[in-house]
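Take the sequences, apply the hints, and build the full model.
Chain order of the listed sequences is A and B. At position 163 of the first sequence the residue is numbered 163 (this note's numbering), and the sequence of numbers has no breaks. At position 235 of the second sequence the residue is numbered 235 (this note's numbering), and the sequence of numbers has no breaks.
Worth double-checking, as some hints may not be accurate.
DEER-style ranges, computed between Cβ atoms [claimed, not checked]:
id, chain 1, residue 1, chain 2, residue 2, range
1, A, P215, B, G239, 23 to 29 angstroms
2, B, E150, A, A224, 25 to 31 angstroms
3, B, P135, A, L50, 51 to 57 angstroms
4, A, L50, B, L317, 48 to 54 angstroms
5, B, P135, A, T23, 29 to 35 angstroms
6, A, A224, B, V37, 32 to 38 angstroms
7, A, A231, B, V139, 42 to 48 angstroms
8, A, T23, B, E150, 40 to 46 angstroms
9, A, L50, B, A27, 37 to 43 angstroms
10, A, G151, B, R33, 45 to 51 angstroms
The set of hints was computed from the structure by calculation and includes no laboratory data. These figures come from a predicted structure and were not determined experimentally. Using N, Cα and C, we set each Cβ at its ideal position, and we do this for glycine too.
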Amino acid sequence: MSTEAGGTAVLLVGVLLVRLVVTDTYQRFVQVGMGPWLLAAGVLLAALGLVAVVRGLRAPATTVPHQDDHDRDHDHAHGDRIGWLLLVPVLAVLLAPPPALGSYGVDRSSGVTVTAGGRTYSPLAAGGEYPMALREFGERAVDANGASFAGNPVELTGFVARPDDTGGFRLARFQISCCAADAVAAVVRVYGVATVAPEQDRWLTVVGTFRGVGPDGVPELDAAATVPVDAPVDPYE
Amino acid sequence: MVDVPVRRRGGLGLAVVAAFVVVAALAQPWLRRVLDVPAVANWSTIFVAVVVQASPFLVLGVAVSGAVAAFVPPGAISRLLPARPALAVPVAAVAGAALPGCECGSVPVARRLMGHGVAPAAALTFLLSSPAVNPVVLVATAVAFPGRPEMVLGRAAGGLLAAAGVGWVWSAIGRDDLLARARRPGHDAGSPLATFLATAQHDFLSAGGFLVIGAAAAATLQTVVPRSVVDAFATSPWGSVLALAVLAVVLAICSEADAFVAASLRQFSPTAQLAFLVVGPMVDVKLIALHAGTFGRAFTVRFVPLAFASALGSAALVGWWLL
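Next comes the structure, spelled out in structure tokens:
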């Protein structure tokens, strides 16, 4: 790879990272806290690439002779030609942006049956309606068999992982700790009013009360309202 | 005489970019339709995610590598290390704890150390210990295993032992001739700044290219192999240790995040979880691609089994002693 060709590839990767952060699309792939690091890396790479392109274009006029030029070029050509592969993820994001993880991965990740993790929850105060992460719902469900809900309605947002799940449907949301490669899904089985058809992978906000834990270990909810929503910018919990 | 080949290769690069643009423009509708297949969408999300999350660490790694090439005189680092490999190896293992990054960043740094005259056994020890025991990774482990400091201690001890073990074995029977390419000194591009820029760019492109191959392999395995295959081994004491060691290789999770995944694998024994934490930063599918690209295939087929055996043995030993 010549200096300017390699610089172009580096520049493209840098611009892609900046673009992912600016458009918030990066949240589909990595945890939100990574944003500043991605931005810094993108700016540095774009600068590195830009300098290489400018120097490469100017090089014919100001070429510095190298004693070991043949050896150097040989090593370069074989060492970094592989760098063209970096254009594959760049093009993937620009042409066919990958979606957030969806229902396909839910049944394939382990840890679907949530355990309390040793946490105990204090009861929710009566009279409220509580927005809650699916993971927390699952943890409260197995903590003293859901006593901490105290009959209060909760609001859950996730996507439909199974449209038909023993009379209800299955709602899911992924948790990630670094990137989508380490995602683990929390799931809830929802029974009750079908104001909208629970299509696979459709995002829904469900309001309802805790029903129990199914024989398969999946916590269950009796829904009072089901509202379709847009996929959130940060699709993970 | 110098300008002609440079210009011709520049033309090739331009042709490659142009070809990419044309193919991309024609293939875009088809590409978008392919994403309607859930398995393909899942694959592409994980593929891009691995590349994106590794890139800041790779940038840190090539910045260190470029700085070593440009601003550290050759031989200076090897003079800091004990001359005898038996002593240089443990020193290099502890020194690895100083570079806060994940495994992708340490590959170009280790290569640059070899180019600067550091004995390969010591540089390889650094390569393995840096992602396994650096402070960021240990803090992440402490957060992922609240109230269980023995996991942090076990990870540090197991990581250092495994890295030093590989270094000692390599200094006794390793073949340094396989590393001739990596041991060549860096390119002097004139001024230190120019050397820094040239080295950083070269290292980013070569490591990044192989990272893409590794990310594709990890995404494929995650999409194709169901986790239940691994869970089937959870009940057997030795089977569970081996199963999680293999899972660490297959998943290729960054060493700063793997503790959270290990903590979620509650159906496995603590020793098996430790094996996951010790093996993952040293051997995984994305690292194998990076090693093969940076140090050569002949080296990788010898080094990877050695590192895997050393990591697995160290984890089992430390687990039996501590957990």
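A quick look at each hint next to the structure:
1. A/P215 <-> B/G239: 23 to 29 angstroms: holds (28 angstroms)
2. B/E150 <-> A/A224: 25 to 31 angstroms: Between B/E150 and A/A224, where Cβ atoms are some 47 angstroms apart, the hint is violated.
3. B/P135 <-> A/L50: 51 to 57 angstroms: With a Cβ separation near 33 angstroms, B/P135 and A/L50 fall outside 51 to 57 angstroms, so the hint is violated.
4. A/L50 <-> B/L317: 48 to 54 angstroms: holds (50 angstroms)
5. B/P135 <-> A/T23: 29 to 35 angstroms: holds (33 angstroms)
6. A/A224 <-> B/V37: 32 to 38 angstroms: Holds: the Cβ-Cβ distance is about 36 angstroms, inside 32 to 38 angstroms.
7. A/A231 <-> B/V139: 42 to 48 angstroms: violated (32 angstroms)
8. A/T23 <-> B/E150: 40 to 46 angstroms: Taking Cβ atoms as reference, A/T23 and B/E150 lie about 43 angstroms apart, which means the hint holds.
9. A/L50 <-> B/A27: 37 to 43 angstroms: Given a distance of about 28 angstroms, which is not inside 37 to 43 angstroms, the answer is violated.
10. A/G151 <-> B/R33: 45 to 51 angstroms: This hint holds: roughly 47 angstroms between Cβ atoms.
In the structure shown, a violation is registered for the earlier hints numbered 2, 3, 7 and 9, in ascending order.
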